[in-house]
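Can you make the complete structure from the sequences, with help from the hints?
Single-letter residue listing:
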Amino acid sequence: MSGYNDLSRIRTLRAVVFLIFGAIVLRLAYIQLIDTRYKDMAQRNVLHPVTLYPARGEVYDRNGEFLVQSRECYDFMVVYKDLPRSGFDTLRICSILGITPEKLERELRNARMRPRAPRRILSFVPKEAKLLLDECNLRGFYTVYRTERQYPRKIGGNLLGYVGEVSPEMLKRYPDYNAGDYIGLTGVEAAYEDVLKGRNGLRIEEIDTHGAIKGSYMDGAFDTLPEHGKSIVCTIDARLQLFAEELMRGKVGAAVAIEPSTGEILMMVSSPTYDPDELVGRQRGNNYMKMLYNKRQPLFNRAVRAKYPPGSTFKLVQGLIGLQEGVLKPTDMYPCHSGYRSGRVRVKCHEHSSPLNLYFAVSTSCNAYFCYVFRNILDNPKYGSVKEGFDVWKEYVESFGFGRNLDTDFLGEGDGYVPDRQFYDKRYRGSWNSLTVLSLAIGQGELGCTPLQMANLAAIIANRGYYYIPHIVRSVEGQDSLDRRFYEKHYTKVDPKYFEPIVEGMWRGVNVDGTSRWAALPGYDVCGKTGTAQNPHGKDHSTFLSFAPRENPRIAISVYVENAGFGASMALPIASLLEEFYLTGEVKRQYMLDYVRNKEVYYPNYDK
Amino acid sequence: MTNSGRTNIFDGIDWKTVMLYVALTLVGFVCILSASFDEGSAEPWSMSHFYMKQLVWIGAAWGVAFVVMLLDSRYFHMLAYPAYALGILALVAVLIFGREVNGAKAWFQFGSVRIQPVEFAKIAVALAVARMMSGYSFSINRAGDLFRLAALLFLPLAIIVLQNDTGSGVVLCSFLFVFYREGLNKWLCIPVLLVVLLFIVSFLITPTTLLILLIVVFTVSEMMMNRIWRSRIIALAAVFLASILLHYTLQLCGVDKPYYLSLMIVSLVAAAVAAVYAYRSNLRNIYVIIALFVASMIFLPTTEHIFNSILKPHQQNRILNFLGLMDDVRGTGYNVNQSKIAIGSGGLFGKGFMNGTQIKYNFVPEKHTDFIFCTVGEEWGFVGSLVVLGLLCALILRLMKMGDRHEEPFGRVYCYCVASILLFHVLVNVGMTIGLMPVMGIPLPFVSYGGSSLIAFTIMLFIAVNLDASTRQQLGRRRF
Chain H
29 MSGYNDLSRI
39 RTLRAVVFLI
49 FGAIVLRLAY
59 IQLIDTRYKD
69 MAQRNVLHPV
79 TLYPARGEVY
89 DRNGEFLVQS
99 RECYDFMVVY
109 KDLPRSGFDT
119 LRICSILGIT
129 PEKLERELRN
139 ARMRPRAPRR
149 ILSFVPKEAK
159 LLLDECNLRG
169 FYTVYRTERQ
179 YPRKIGGNLL
189 GYVGEVSPEM
199 LKRYPDYNAG
209 DYIGLTGVEA
219 AYEDVLKGRN
229 GLRIEEIDTH
239 GAIKGSYMDG
249 AFDTLPEHGK
259 SIVCTIDARL
269 QLFAEELMRG
279 KVGAAVAIEP
289 STGEILMMVS
299 SPTYDPDELV
309 GRQRGNNYMK
319 MLYNKRQPLF
329 NRAVRAKYPP
339 GSTFKLVQGL
349 IGLQEGVLKP
359 TDMYPCHSGY
369 RSGRVRVKCH
379 EHSSPLNLYF
389 AVSTSCNAYF
399 CYVFRNILDN
409 PKYGSVKEGF
419 DVWKEYVESF
429 GFGRNLDTDF
439 LGEGDGYVPD
449 RQFYDKRYRG
459 SWNSLTVLSL
469 AIGQGELGCT
479 PLQMANLAAI
489 IANRGYYYIP
499 HIVRSVEGQD
509 SLDRRFYEKH
519 YTKVDPKYFE
529 PIVEGMWRGV
539 NVDGTSRWAA
549 LPGYDVCGKT
559 GTAQNPHGKD
569 HSTFLSFAPR
579 ENPRIAISVY
589 VENAGFGASM
599 ALPIASLLEE
609 FYLTGEVKRQ
619 YMLDYVRNKE
629 VYYPNYDK
Chain C
2 MTNSGRTNIF
12 DGIDWKTVML
22 YVALTLVGFV
32 CILSASFDEG
42 SAEPWSMSHF
52 YMKQLVWIGA
62 AWGVAFVVML
72 LDSRYFHMLA
82 YPAYALGILA
92 LVAVLIFGRE
102 VNGAKAWFQF
112 GSVRIQPVEF
122 AKIAVALAVA
132 RMMSGYSFSI
142 NRAGDLFRLA
152 ALLFLPLAII
162 VLQNDTGSGV
172 VLCSFLFVFY
182 REGLNKWLCI
192 PVLLVVLLFI
202 VSFLITPTTL
212 LILLIVVFTV
222 SEMMMNRIWR
232 SRIIALAAVF
242 LASILLHYTL
252 QLCGVDKPYY
262 LSLMIVSLVA
272 AAVAAVYAYR
282 SNLRNIYVII
292 ALFVASMIFL
302 PTTEHIFNSI
312 LKPHQQNRIL
322 NFLGLMDDVR
332 GTGYNVNQSK
342 IAIGSGGLFG
352 KGFMNGTQIK
362 YNFVPEKHTD
372 FIFCTVGEEW
382 GFVGSLVVLG
392 LLCALILRLM
402 KMGDRHEEPF
412 GRVYCYCVAS
422 ILLFHVLVNV
432 GMTIGLMPVM
442 GIPLPFVSYG
452 GSSLIAFTIM
462 LFIAVNLDAS
472 TRQQLGRRRF
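Chains as they are written, first to last, in this note's numbering: chain H, 29 to 636; chain C, 2 to 481.
Be a bit skeptical, because a hint or two may be false.
Now the stretches of chain C that chain H is said to cover, found in silico as 3 or more residues with beta-carbon under 8 Å [as the list claims (entries may be wrong)]: (1) 71-79; (2) 340-347; (3) 425-437.
Reference excerpt, derived from the structure (chain C facing chain H, CB under 8 Å, subset only) [claimed, not checked]: (4) N286; (5) Y288; (6) G382.
By construction, these hints were calculated from the structure, which means they are not laboratory data. Ideal Cβ positions, reconstructed from N, Cα and C, are used throughout, including at glycine.
Right under this line is the structure:
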C-alpha cells in the first residue's frame with residue numbers, strides 16, 4: 029500500500045495533527061491569556077458579597093437624655109431555591125412573625141421570580157422573634173441584622189424627622205447608597221444624615237453552585253466591618269420640649285425657644301405633632317398616609333416653614349428702625365384716639381391714654397404710634413421718595429433675619445416673606461405711598477414670618493442687636509466644633525444702643541402697665557410683646573414674643589397659636605409657663621396651667 | 002506476520018510511548034483527585050471517592066497493559082474478525098438489555114460497575130479495519146473494496162446511533178484519517194469532509210444552494226481524481242442549462258414547481274448517464290462519487306427532518322447552541338459557559354492544585370469525566386494545559402511513527418486507527434470545553450474518570466505497542 033506519495037501523506041497527516049492541536053492551543057491562549065472576562069465571571073460565580081449594616085447614630089438632648097436610640101431588629105430573608113422541597117412549617121413562621129399565611133404565600137410567590145436572589149419577606153423583626161426563628165432552624169430563611177429608630181421620649185416628631193429606605197429615585201441621585209439602605213428623610217435625621225448613617229460593612233463569602241456558603245474569600249482580606257453612625261447631641265432640652273408639646277396639644281401653631289447667648293434651639297414644637305415612633309417599623313406606611321390626609325397637617329413643620337403674619341410683635345422692629353434712622357426718639361409723643369387716621373385710611377387701636385411715648389407704645393402695643401413711626405421711616409426726605417425709603421426699610425428688616433432663611437442646620441427651613449418694591453409696583457401699577465402699605469407698620473399685610481424667625485427676633489432683642497444662627501445640634505461625636513457660621517455674631521443694621529428703649533418697653537409691658545402683665549415671673553425680669561395677627565382664615569392668631577431675664581437672658585421664646593384670639597389669651601400663658609419651667613425647673617402657677625390645658629381653640633377651617 | 006512471537010515481552014517495547022501513557026494516567030489521577038476531593042469528608046481514603054476508585058482503575062489498567070503485552074502479536078490479526086463480531090453482539094445486547102444513563106442506552110451494569118461496550122467495540126472495529134485493509138487483494142481506491150470498508154464501519158455506527166450515543170458513533174468518522182494514510186484519493190476525502198460540514202451547517206443554507214454546492218464539489222472532485230477536464234466542465238454546464246430549461250418548460254406548461262425540483266431531476270439523470278459512462282470507460286471511482294452524491298442528496302435535504310425527529314431535544318440544543326443560533330447561558334449553554342469560565346479564569350499559571358473555584362464549588366458539571374480538562378485549565382493554567390496537550394500530541398505522533406515503521410499493513414493500519422481515534426477524542430473533548438466543538442459526551446483518553454474507558458484505551462494502545470514491539474524484534478533479529 030505504500031505508494032509513491034507515502035511520505036507526503038505522512039507529512040500531511042502530521043500537519044493535520046499539528047493543525048488540530050494548534051487550533052486548540054490558540055483558542056486556549058485566547059480565553060486564558062487575552063480575554064480577561066472569564067476571571068470576572070468566575071469571581072461573580074463564587075463570590076457572594078454580604079452587606080453588614082451599621083447601627084445608626086444616636087441622638088441625645090442637651091442634658092444627655094436619649095432623644096433617639098437605635099434598636100436591634102432584623103430583616104427576615106428568604107432564598108427561594110434553598111427552601112426544602114418537603115415543605116416547612118408555614119404556620120409556625122407566621123405565628124412568630126405575626127403575619128398572615130396569605131402574606132407569606134404572596135412573598136414566597138414573589139421570591140420565586142428570582143429563586144437565587146435573597147428576598148426580604150419582612151423587616152423590623154424584633155430580637156425575640158429572631159431568636160425563636162433561629163431555634164426553628166429553617167432552611168432557606170435567614171435574618172439580617174439591622175437597626176431601627178426608637179424614641180424613648182416620644183417627642184419632636186417633625187423636629188427629629190424619620191428614617192426610611194432609599195427609594196429608586198434617591199438611588200439615582202445618591203450613588204453612595206444601595207437598595208435596602210436606610211436614609212434620613214426629614215428633620216435632624218436628614219440634616220445630619222452624613223454623620224448618623226455610618227458606613228456599610230462587607231463580608232465576601234464563597235458560595236458553591238448551589239448557593240451554599242463555603243467560607244470567606246481570601247480569609248476575609250477584603251472584608252470590612254460596618255462603621256457605626258456617630259452620635260449627636262442636640263441643643264434641645266427634652267423636658268422643655270415635652271412640656272411645650274403638652275401645652276400646645278389641641279392647638280395649631282408653633283413654639284420655638286432659643287438660647288440667645290449661643291443661638292441654640294432649646295425647644296421647637298410644631299403643633300399638631302406626632303409620636304415619632306409611629307413612623308418606625310412596619311406600620312410606618314399606614315401611619316404616614318393617615319397623617320398625610322389629616323387636615324391639620326401634622327407632617328407640616330410649622331415652626332420653620334409656616335408663613336405667619338407677625339402682628340404686633342413686629343412693632344419692635346419698626347421701633348428699632350425708627351430709632352436707628354433718627355426719625356424717632358424714645359420720648360417722642362404721638363396721639364392715639366382709638367386708632368390712626370389719615371384721609372380715608374384708618375387703623376384701629378384699643379383704648380388707652382393718649383398721647384404716648386415709645387415705652388408705653390411698646391408695652392401697650394399701640395397701633396397708631398407705629399403707623400407714625402413707619403410713615404416717618406418711609407417718607408424720610410433724606411431718601412427722596414417713598415420707594416427709596418421702602419428699600420431702606422426692607423434692608424433693615426432683612427438684617428433681622430426676615431424674608432430669607434437663616435441658614436440653620438435644619439433642612440427645609442422656609443424663607444418667610446417680606447414684600448419688595450417690585451411687588452407693590454406691580455400690585456398698584458407703580459402708584460403707592462406709605463399710606464398704601466401702612467398695614468406693614470403693625471406686622472400685617474403681606475408680611476410672612478416663620479416662628480423660628482420670630483424667636484430669632486426675640487433672641488436679637490435679648491442680645492441687644494445680634495444673633496447667632498439658630499441651630500439644633502450642639503456637638504457631633506468625633507468633631508471638635510460645628511460649622512464656623514454658628515459661632516459668628518450676626519449684627520443687625522440697628523446699632524445696639526437703640527435696643528435699650530425697646531427692651532424697656534417690653535419689660536414694662538410685662539412688669540408695669542402693658543398687655544403682657546400675665547407673663548410676669550417674680551425674680552426674673554421677663555420682657556415680652558404680645559401680638560394679635562388678623563388673618564383672612566377666621567379668628568385672629570395669638571402670638572407672643574419674649575425673653576428672660578432682662579439682663580443676661582437665658583431664653584428667648586416665640587409662641588404662635590393659630591386662631592386663638594388675643595396674644596395674651598393663649599400664646600402668652602404658654603410662653604410664660606415654658607419660661608417658668610425652663611428658668612425655675614418647675615411650674616407653680618397651676619391655675620395658668622389649667623387655663624392653658626382647658627382652653628379650647630376651634631379650627632373650623634381645618635376641620636371642615 | 003510470518004515469524005513467531007517474541008521471546009522476551011520487554012524486548013522491543015517503545016518505552017517512550019509507555020512513559021507517555023503512564024504520565025497521562027497520573028495526570029488524570031491528579032485532576033480527578035482535585036475535582037472530586039471533598040474537604041469535609043470524614044474518610045478521605047474511603048473507596049466511595051472517585052479518586053480512590055480511579056486509583057484502582059489505574060492499577061487495573063497497568064495490569065491489563067501487562068497482560069496485553071504477554072499475548073503473541075499474531076493473535077490480534079487472527080482475532081480481528083471474531084472480536085468485531087463480538088463487539089457488534091455486545092452493542093446489540095446493550096441496545097436491548099443496557100441501562101440508560103444521561104439519555105444514552107449504552108451501559109451494562111454489573112453490581113456497582115458500569116461498562117460501556119462502545120469503548121471496547123472501538124478496538125474491535127480498529128482491528129477489523131486493519132485486518133480488512135491488510136488483505137492482499139485489497140485496494141482502497143477500488144469501488145468494491147471501499148464499499149466493503151464502508152459497510153464494516155457503518156454497521157457499528159448505526160447501532161451506536163440507535164443507542165443514542167451519537168458522540169461515540171461519530172468517533173468512527175475519524176477513520177478517514179487512516180484511509181487517507183492508506184492511499185485514499187484525496188479528492189474523495191474532500192467531499193466526505195464537506196458532507197460532514199454541510200450536515201452541521203445545513204440549517205443555514207437553502208436546499209437549492211446546497212444542491213448546487215454538492216453538484217459543483219462532486220464534479221470537481223471527480224475531475225481532479227481522473228484528471229479529465231473538458232468533458233466535466235461541459236457536463237457541469239449542461240446540467241445547469243438543462244435544469245434551467247426544464248424549469249421554464251415546466252412553468253410554460255403551467256406546472257409551477259420550484260427550481261430545486263428541476264435541478265434534482267436533471268442531476269439524477271446526469272448521475273445515471275455518468276454511471277453508464279463510468280462503465281463504458283472503465284472509471285470505477287466514478288461509482289464512489291455517484292454513490293456519495295446520491296447518498297448526500299437523499300441525506301442532506303432530510304437533515305431538518307433528522308434533526309427534528311431523530312435527534313433528541315438536548316442534542317438539538319447543543320448543536321444550535323454551538324452554531325450560535327441559540328444563546329442560552331442558563332440552560333444548554335450552561336455547561337460550556339461554565340467550562341469556558343473555568344478554563345479562562347485559569348490564566349497563565351492557573352489557580353493552583355485544589356484551588357479552582359469553578360471546580361471545587363461544582364460550577365462545572367461532569368468535572369471529573371467529560372469536562373476533566375477544565376481542572377487542568379483552571380488549576381494549572383495555560384502552561385499546564387500545554388503540558389497535557391503536549392503529552393497527548395506526542396502520544397499521537399508516536400503512534401503514527403510506530404505505524405510508519407511497520408512493514409506489515411496490519412500493524413500500520415491499526416496504529417493509525419488508534420492515533421485517529423485518540424486525535425478525534427482530544428479534538429472533540431478539549432474542543433467542547435473551550436467552545437470549539439459542540440458538546441458530545443466522549444471522554445479525554447487516559448485522563449477522564451471511568452474504568453471502562455481507561456481500560457479500553459489501555460488495551461487499544463498496548464495492542465499497538467505489542468505489534469510494534471514484535472516488528473522491532475523481527476527487525477532487530479534480521480539486523481543481527
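Cross-check of the supplied hints:
Chain H is given as covering the segment 71-79 of chain C, and this is violated because 0 residues of the stretch bring a CB closer than 8 Å to a CB of that chain, at least three being needed. Three residues within the 8 Å Cβ limit are the bar, and the segment 340-347 of chain C against chain H gives 7, so the coverage statement holds. Check result for the segment 425-437 of chain C against chain H: holds, 7 residues qualifying (beta carbon to beta carbon below 8 Å, three or more required). Look at N286 of chain C: its Cβ only gets to about 15 Å from chain H, farther than 8 Å, so that hint breaks.
At its closest, the beta carbon of Y288 of chain C sits 21 Å from a beta carbon of chain H; the interface hint therefore is violated under the 8 Å criterion. A cut of 8 Å between beta carbons decides the hint on G382 of chain C: the least distance to chain H is about 7 Å, and the hint holds.
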